[in-house]
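Residue numbers (this note's numbering), protein chains in the order written: chain A, 1 to 380; chain B, 1 to 380.
Honestly, I wouldn't trust all of these hints.
Since the list gives no way to pick one copy over another, a pair counts as held whenever it fits inside one copy or between any two copies.
Straight line, CA to CA, 27 Å or less: simulated DSS-like cross-link-like pairs of lysine-lysine [unchecked claim]:
id, residue 1, residue 2
1, Lys30, Lys44
2, Lys181, Lys239
3, Lys44, Lys143
4, Lys143, Lys39
5, Lys39, Lys137
6, Lys44, Lys137
7, Lys204, Lys36
8, Lys181, Lys137
Quick caveat, the hints were computed from the structure, so don't treat them as lab data.
Residues per chain are reported as follows:
2 protein chains.
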Amino acid sequence: MALTLEDIARLSGVSRSTVSRVINANSNVKEETRQKVLKVIQNKNFQPNLAARGLAAGRTNIIGLVIPAGVAFIFTDPYFPLLIQGVSEACNAHDHSVMLWLAEPEYERRTISQILHNGLVDGVILSSALMDDPIVKSLHESKMPFILIGRHPTLEVNYIDVDNIRASREATHHLIRQSRKRIATITGPHNQIASYDRYQGYLKALNDRNLPLLSELVLEGDWTEAGGYAAMNRLIPYKPDAVFAANDVMAAGAISAIHEAQLRIPEDVAVVGFDDTPNASRTQPPLTTMRQPIQSMGALAVETLIDIIDHPGSDSRSILVATELVIRESCGALISKPEGGDESKNPVDYQIPPVNQLHQSVGNPADENPNILRRRVKNA
Amino acid sequence: MALTLEDIARLSGVSRSTVSRVINANSNVKEETRQKVLKVIQNKNFQPNLAARGLAAGRTNIIGLVIPAGVAFIFTDPYFPLLIQGVSEACNAHDHSVMLWLAEPEYERRTISQILHNGLVDGVILSSALMDDPIVKSLHESKMPFILIGRHPTLEVNYIDVDNIRASREATHHLIRQSRKRIATITGPHNQIASYDRYQGYLKALNDRNLPLLSELVLEGDWTEAGGYAAMNRLIPYKPDAVFAANDVMAAGAISAIHEAQLRIPEDVAVVGFDDTPNASRTQPPLTTMRQPIQSMGALAVETLIDIIDHPGSDSRSILVATELVIRESCGALISKPEGGDESKNPVDYQIPPVNQLHQSVGNPADENPNILRRRVKNA
DNA sequence: TATAATAATGGGAGCGCTCCCAATAAACTT
DNA sequence: AAGTTTATTGGGAGCGCTCCCATTATTATA
């Protein structure tokens, strides 16, 4: 049915090997020959069989994207669609394909080993949120190249993340600077790393300014709008004057609850979210939120993973991507007079040291993208 | 690195072929032998190499899922996440994997042929919205098994869809029954099939009851909330007393616009959406909408595609999945007295014949799922 | 018990590619 | 011009599996 290398070879009067060289951009081909072969390939719309290539070369140019499904918020939170989009685009750009696994909540051994050993995937991007995820351990023990979206609390693995602690510390500071005294927070599930980190940032910010932690103002959400709504309803009796929600979707839920309680935003309660998902600017009032470049992180994960695949045994990578506080109306900064100078341009008026102390920076900081801090640590 | 069939064979004292038989559930193996081999496989956590299997057998158990990206609403509309989820789950259940392509808006030849000829994919699920999509034509001309999510206007291809015309006819009728006289509609982009069909249903409903089509009450949206909002703002000067939005996300946008115009829902303007996405019940007031089982459609697509792959040359399948009008507050049916009997239970008080007249029903209607009408047509 | 069926197993060929090495062609040296 | 070096090219082997056919073990039948 489909053409083979041999067919193309015959049609262009060269050997199988030469065609292979042309396809793989091997330099040892005379320009004239290359053109001749290329024309036939173009002409016949030839695609090399990836299964055969995978078998022979041990490399398929397929990247596995593993996302823990079962979490309800996959449906309502644009996080995963954006991530998938970023990954997919980058794969296209780098001539790779993406294999998608929405893994069951409790990965069975079978699923994991299927992902690891099917011989089809060159590497894996894992968007694992959990503190203690069996698949991370399996991957870590295997020799399959992989990268996490989101740092891991204990294992030294390749990852790409935002500095959640620093970012939410900054977000909370922003609320403190608006003279808010009773700042509540709606966290994500406690067994998730990002969620934990964002809570830590909140704690640090309070601590930075010697504000007491009021435990009645801390509530665990589940990333969903309904969860944010429910949490805010339980928070309101304790009269918070601000709330930091660990993602935008919960912030939207909180906003509904605040409205229903006949309170004004931001006058009575200021709200800050996290993510800057597309709908953040469409809440009433528009949501102040910590932007993280989800799509870029997906793309960066692909590029880094490909690099890891190309350079096995290299140092493990920790990549932190910059966040940015996007100030809209919901936090009150635009209506009340600011304390200091042009804070809206640089809302951070202090220096927070890099948080991820696990790793020592020995970096190769020279990077085309100044937003990205790359660091390498200990040889794997 | 990874184990091979040969390794398992050696370890269990049989031949490569026998192990292969065990793995592929071939019946010609003595039960005792099967158990022995199975134990070793289990024990070593063996996974056959899919690339090799693909090469040798010409079948990989990989299904391609192609989604036109670039459309902005991928981010904000839960449609695609739900579809992906449905497809992925069904693939897991049937021991298949899914390869994801978010195709660029204008598929380049290269992309298409990459999808078709990479030799990795047994079949393709295509969620193509466009009236005239080059990739559909390519697939139709190729011998790659594929199924469309959403019918095709001209080509006779395998597809699974809801009866959009009938469903929106029913939704519009529901508004008419609430004594609405100036029913507006916000459609999707005109070059998309589902969008076209839903508009046709709207037209038919008006026609059914001899209501005039007021062209100033018809506006094209782009499936997004912002689009729905903008459209509604332009609609309001013409004083509609109801609006049928072609999806829930646009309905949500319309609701915002209506609120801002200080109009009441449903008293001044009734709103009906389409999809019943998770957030439909969270609008203010909760949205009446036509539910389509997106996730099930994804799963059904997988199952049908596998069946098509297993039975090449069989008749082409047209599967229509039932929709259901979910009545909440936004349409006014729950506050004004109903015209007739228990309409909320069966809001359709007339018989609309099946719309898809292209195909003659010769069906194998006996199906475990009564919601699904299967029909087969003309041998391919 | 011999013989014909049938059940169970083993091994070769080959899927379409890459990799390696040998063979040939072209370009330099002296 | 002969000898080297270097740039191209061709072909064999083999990746790990399935498929087919030959072989052997087992059972049924005469």
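Tested hints:
With identical chains, the CA atoms of Lys30 and Lys44 are at most 27 Å apart within one copy only, with a shortest distance of 21 Å there and 48 Å across copies. Proximity of Lys181 and Lys239 under a CA criterion of 27 Å is satisfied intra-copy only: 10 Å inside one chain copy versus 46 Å between copies. In this assembly of identical chains, the alpha carbons of Lys44 and Lys143 lie at most 27 Å apart only when taken from different copies (16 Å versus 38 Å within one copy). Taking identical chains as interchangeable, the C-alpha atoms of Lys143 and Lys39 lie at most 27 Å apart only when they sit on different chains, with a minimum of 24 Å there against 39 Å within one chain.
Taking identical chains as interchangeable, the C-alpha atoms of Lys39 and Lys137 lie at most 27 Å apart only when they sit on different chains, with a minimum of 24 Å there against 48 Å within one chain. Only between protomers do Lys44 and Lys137 lie at most 27 Å apart by alpha-carbon distance; the minimum there is 18 Å, versus 46 Å within a single protomer. Taking identical chains as interchangeable, the C-alpha atoms of Lys204 and Lys36 are never at most 27 Å apart, the minima being 65 Å within one chain and 58 Å between chains. Proximity of Lys181 to Lys137 under the C-alpha cut-off of 27 Å is found in neither arrangement, the shortest distances being 42 Å within a copy and 63 Å between copies.
Consistency with the previously given hints fails for numbers 7, 8, ordered from lowest to highest.
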